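Q: Residue strings, one per chain:
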Amino acid sequence: MAVIDPNDDCVVIRIVYDGAPMAGKTTSVAALGRGLGVGVHSPAEYSGRTLYFDWLDYTGGLFEGRRIRCQIVSVPGQATLAPRRRRLLQSADAVVFVGDSSPAGFAADRRYLGGLCGVLREVSGPPVGIVFQANKRDLADATPLDRVRSMLDELLLPTAIVESVATEGAGIREAFVFAVRLALDRVRELTRSGALKTVRPNVNSADDLLNELRGAEAGALDLAVASGRLEHTQLHELQGSGSLASDALQEAMQSNLDSPRASAPTTVATSTASPAIPDEKVASGMVWPPVEGRTILHEIARATINLQPADGSWCGDVDRRWSLHSAADAVFDDVEAGRTELVQWARMHAANSEIISKQRCIVLASDGRGRFRLWQLVRSEPSLRSRIEAALLADAAVIATAVLSSARAFLEMAERSAAATCELPLTLHTTGFSTSGAMYVGNLPASSAPPPRRWLVAQATDALLSELEFARPTLQAHRSSVLAELAKIARHPGFQTRAHWHLLQRLAAFI
Amino acid sequence: MTNEKSLLETIAKIEADVTGVIATAAVDLESGMTLAAKSNRSDFDLTVASAYNSELVKQKLKIMRALNLKAALEDMVLTLTDQFHLIKLLPGGTSFLYLAADRSATNLAILRNAVNKHCNGLTA
Numbered sequence: 146m147a148v149i150d151p152n153d154d155c156v157v158i159r160i161v162y163d164g165a166p167m168a169g170k171t172t173s174v175a176a177l178g179r180g181l182g183v184g185v186h187s188p189a190e191y192s193g194r195t196l197y198f199d200w201l202d203y204t205g206g207l208f209e210g211r212r213i214r215c216q217i218v219s220v221p222g223q224a225t226l227a228p229r230r231r232r233l234l235q236s237a238d239a240v241v242f243v244g245d246s247s248p249a250g251f252a253a254d255r256r257y258l259g260g261l262c263g264v265l266r267e268v269s270g271p272p273v274g275i276v277f278q279a280n281k282r283d284l285a286d287a288t289p290l291d292r293v294r295s296m297l298d299e300l301l302l303p304t305a306i307v308e309s310v311a312t313e314g315a316g317i318r319e320a321f322v323f324a325v326r327l328a329l330d331r332v333r334e335l336t337r338s339g340a341l342k343t344v345r346p347n348v349n350s351a352d353d354l355l356n357e358l359r360g361a362e363a364g365a366l367d368l369a370v371a372s373g374r375l376e377h378t379q380l381h382e383l384q385g386s387g388s389l390a391s392d393a394l395q396e397a398m399q400s401n402l403d404s405p406r407a408s409a410p411t412t413v414a415t416s417t418a419s420p421a422i423p424d425e426k427v428a429s430g431m432v433w434p435p436v437e438g439r440t441i442l443h444e445i446a447r448a449t450i451n452l453q454p455a456d457g458s459w460c461g462d463v464d465r466r467w468s469l470h471s472a473a474d475a476v477f478d479d480v481e482a483g484r485t486e487l488v489q490w491a492r493m494h495a496a497n498s499e500i501i502s503k504q505r506c507i508v509l510a511s512d513g514r515g516r517f518r519l520w521q522l523v524r525s526e527p528s529l530r531s532r533i534e535a536a537l538l539a540d541a542a543v544i545a546t547a548v549l550s551s552a553r554a555f556l557e558m559a560e561r562s563a564a565a566t567c568e569l570p571l572t573l574h575t576t577g578f579s580t581s582g583a584m585y586v587g588n589l590p591a592s593s594a595p596p597p598r599r600w601l602v603a604q605a606t607d608a609l610l611s612e613l614e615f616a617r618p619t620l621q622a623h624r625s626s627v628l629a630e631l632a633k634i635a636r637h638p639g640f641q642t643r644a645h646w647h648l649l650q651r652l653a654a655f656i
Numbered sequence: 084m085t086n087e088k089s090l091l092e093t094i095a096k097i098e099a100d101v102t103g104v105i106a107t108a109a110v111d112l113e114s115g116m117t118l119a120a121k122s123n124r125s126d127f128d129l130t131v132a133s134a135y136n137s138e139l140v141k142q143k144l145k146i147m148r149a150l151n152l153k154a155a156l157e158d159m160v161l162t163l164t165d166q167f168h169l170i171k172l173l174p175g176g177t178s179f180l181y182l183a184a185d186r187s188a189t190n191l192a193i194l195r196n197a198v199n200k201h202c203n204g205l206t207a
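Those protein sequences? They're chains A and B, same order as listed.
With our numbering, letter number 257 in the first sequence gets 402, and the count goes up by one each step, no holes.
With our numbering, letter number 96 in the second sequence gets 179, and the count goes up by one each step, no holes.
Derived by calculation from the structure, the hints in this document are not laboratory data.
Hints are not guaranteed to be accurate.
[Claimed, not checked] Just so you have them, the derived chain B footprint on chain A, three or more residues with Cβ under 8 Å: (1) 308-318; (2) 338-351.
[What the hints assert, rightly or not] Computed Cβ-Cβ distance ranges for the label pairs, DEER-style: (3) B:Asp128 / A:Glu568: 52 to 58 Å; (4) A:Arg465 / B:Lys141: 52 to 58 Å; (5) B:Gln142 / A:Arg598: 54 to 60 Å; (6) A:Thr312 / B:Val160: 16 to 22 Å.
[Said to hold, decoys possible] Facing chain A, according to a computed beta carbon distance under 10 Å, are these residues of chain B, among others: (7) Leu90; (8) Thr130; (9) Lys143; (10) Ile146; (11) His168; (12) Ala192.
All values derive from a computational prediction rather than experimental measurement.
The C-beta atom is built at its ideal place from N, Cα and C for all residues, glycine as well.
Between the sequences and the hints, there should be enough to build the whole structure, so can you do that?
A: So, in structure tokens, the structure goes:
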């Protein structure tokens, strides 16, 4: 819904607070309102439950010379009001999903996140970024963050996690400012594609939004409409018990206890001259893809990074979840030169998207020494090599299946890589599986890489056998049983083509 | 990103060392959004000041790039007839502290010393 309002030349964005019932959406928006010194409008409540939305209008910040007007809206969490929630989510430029860290609430988080994904998939235009605001972190039995991260991974949601205790106002501003950044990434993409309209927003106030919802529902959700008078929370009421700022100040003075927050980024570098690690605060236009990329950066900025130099390039491992790489020649004296390369590389990523793994981003960031460095972040996906290594510890049937399926995937990758825009290294380390077949899981080469190589089957098989040398001693130790298992697989109806037989013969000879 | 509480704590420490502070904010350089703010004067719109000062810092950084200067920007001091405005880049360079103080109640040396002392421990 982002637009430029011609009346006051503001960029209008909408941040929607979503989450399961009782997760703390309204509390978060109220705490944000106190912190920003802005009153919250709540059209109707029933026993403390939001029936329509909470509304907060805040103008702050600047985007390319224009003020940023944020429409901050929370959805009703109750299942009976799902159509209302859906409508509000469809209008979001970024979503703050307030997660309930209590064990009971965690299960509901998953259901609601699934619903959120479904809604956002239908939204046209650039992706809508999500910040997972893990709330209620003060609970003794709060769900561990790695479980939260696993859940988000299972849902394939690139999401930044910010811990919070909404009742104390802790973590609220961080989640909000990050959501604004994601929304601005979306605005930049809309601008680039010419889709950002200069038009007066349809909704300019809580009343407008209430009327829009009522009009769209046409009385379908009458239960909530019954008490639809707008109640305006006055600023002086909010400040009656002390502002968020003064509360936080007093708290800070009285206690050394820190509020829950993500741990500071830790870089374990083997050289004192290691470059600065990029994080989510890089400027808009310096990360691709813009929204998902920033959420990936948010995650790595809070992780332990083992950065290693290698012939002028730098590579690192981020909690075994991401690999980080910057080539020796990916350093630029000025930001424009770096950005030109970033754009070329982004095009290359987009052009190869059918072949390469999905979760990756590229970023141009200051190296901390007055220059700019281009980084590539790739999600650590299981490679064929890791699959075979794991199988070698098991019995002959497992070994035979893993070797043969990996070999087929390797040859498939050789064939598919001809469609790439450049030559992709073909190894067991750089090839993995996806639902659509073999995929490239390694780092993409520089934009100046040579054109794609067309592999003959014999050449690709030679390369495969060379890559399999590491497994040869184990394969030979189990030779007879592995060959017997391969013979069994060969009798399978799906294994009948000439190419398959040729591969099998080469493998048998290799073992 | 340093949390709001830590930033407010830092702002409180600076205010304890400097007399005549009108308003202080920690500002996200990219968006101009305040990460934490405290104003002692109701007529001083800290939100607007923070937003436009982010543009000021960006322009200064652009000038430095155009001049091919390799040095880092540490702070910016603006002297008005009745106020000092100090902008201190926080470690990491992606956020800054913006402080306005009454010129008749303090001096630049005290101001910069207090800000440097308390901001160096912050992460951006």
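Q: So which hints don't hold here, by number, going up?
A: Hints 2, 4, 5, 6, 9, 10, 11, 12 contradicted; others consistent.
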